[in-house]
Amino acid sequence: MTDQRNAPRPAGVTMRQLRAFVAVAQDESITRAAQRLHLTPSALSMLISSLEGELAVRLFERTTRRIALTDAGLELLPSIKKVFENLDDAFDGLRQLSDRRSGRFAVATSPLLAATLLPPLLAGFRVRFPGIRVDLFDLPVDGIAQAVRSGQADFGVCTADTEMPGLVLTTLYQDRLMLACQSDHPLAERREVRWAELAGEPLALLRHGSGLRSLVERGFSEIGEPVQPAFEVAHVTTAVGLVEAGLAVSILPSYALSSARSPGVVAVPLTAPVMERNIVALTDGQRQLSAPCEAFLTHFKSGVTGLAASSSQKKNRKKPAGRA
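Taken in order, the sequence shown gives residues 23 to 346; the numbers are from our numbering.
Calculated from the structure, these hints are not laboratory results. Hints may be right or wrong, so weigh each one.
[Said to hold, decoys possible] The calculated lysine to any residue pairs, modelled on SDA-like cross-linking and capped at a C-alpha distance of 25 Å, are:
no. : residue 1 : residue 2
1   : K323      : S312
2   : K103      : A145
3   : K104      : A128
4   : K323      : A182
[What the hints assert, rightly or not] Ranges between beta-carbon positions, derived for each pair:
no. : residue 1 : residue 2 : range
5   : R240      : T260      : 14 to 24 Å
6   : L194      : Q57       : 23 to 33 Å
7   : Q57       : G188      : 40 to 50 Å
8   : G246      : E298      : 12 to 22 Å
All C-beta atoms, glycine included, are put in the ideal place defined by N, C-alpha and C.
Generate coordinates for the entire structure from the input sequences, incorporating the hints supplied.
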């Protein structure tokens, strides 16, 4: 008896023949299958006959009224359909890869994120996807949601702790509040600083009405201490400037300090309690994100951790010359 596993395999079978086989099997009609494949019935019949000849087996029983699969055809059909499903998946993957490497999208974000976290992430994204153009809108916080709703931006990146009607919030990163101080400050060399240790320190804080100020107040509330800032400012950059000048310490997000211009300003994680805020992607639930948008958000998640961590590494740098 011949071992079927060692039998020679047909080498002349073509994709056209296999597609013809599947179409006829599904339609149970040469005429209907031919119309669907944009072939003449005779051309389709020739494809089926040549496939049967190549395989040396009958795949269909033909009568004047109908055409039906033989036992061999019934056994072959699921395997061939699986082949085409795998091919379709592979081709879809290639198309998605191509889509992710070209195109354009617009992102809306806050001025602080646009000045600190987004530029290095966008630079890394451009290296990976040079064919994708990015439009960046730095907007007031309340303008980000409107830009997404109106379609001006494909998505937003912001800090948000509450739901926004009609929009989907997806957490990209949890950012931790840090103590910002001069490198020669007594707390600068600590691995962590407890909130209670800030009592009596001259604080530069954002004014009431900002999400960051609310989070800072929650931190002090948890240890039962009042908030008594030495300076109340409107912008994070102002707070960093006051720290740099030695006039205050501040409590700021790690990403805001990762790009602090002065090497003399360091960031130390705050603990007891640990206070975090979510950086989220803001999307319209009625619109599907394009492949380039998805590529950027994936890049954001993978790249943001290292960028934010760089702020805490600054405290390991040497003190600037001339400082006591």
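- Of the numbered hints stated previously, which ones are contradicted by the structure, given in increasing order? When the structure is compared with the hints, numbers 2, 3 and 6 turn out to be violated.
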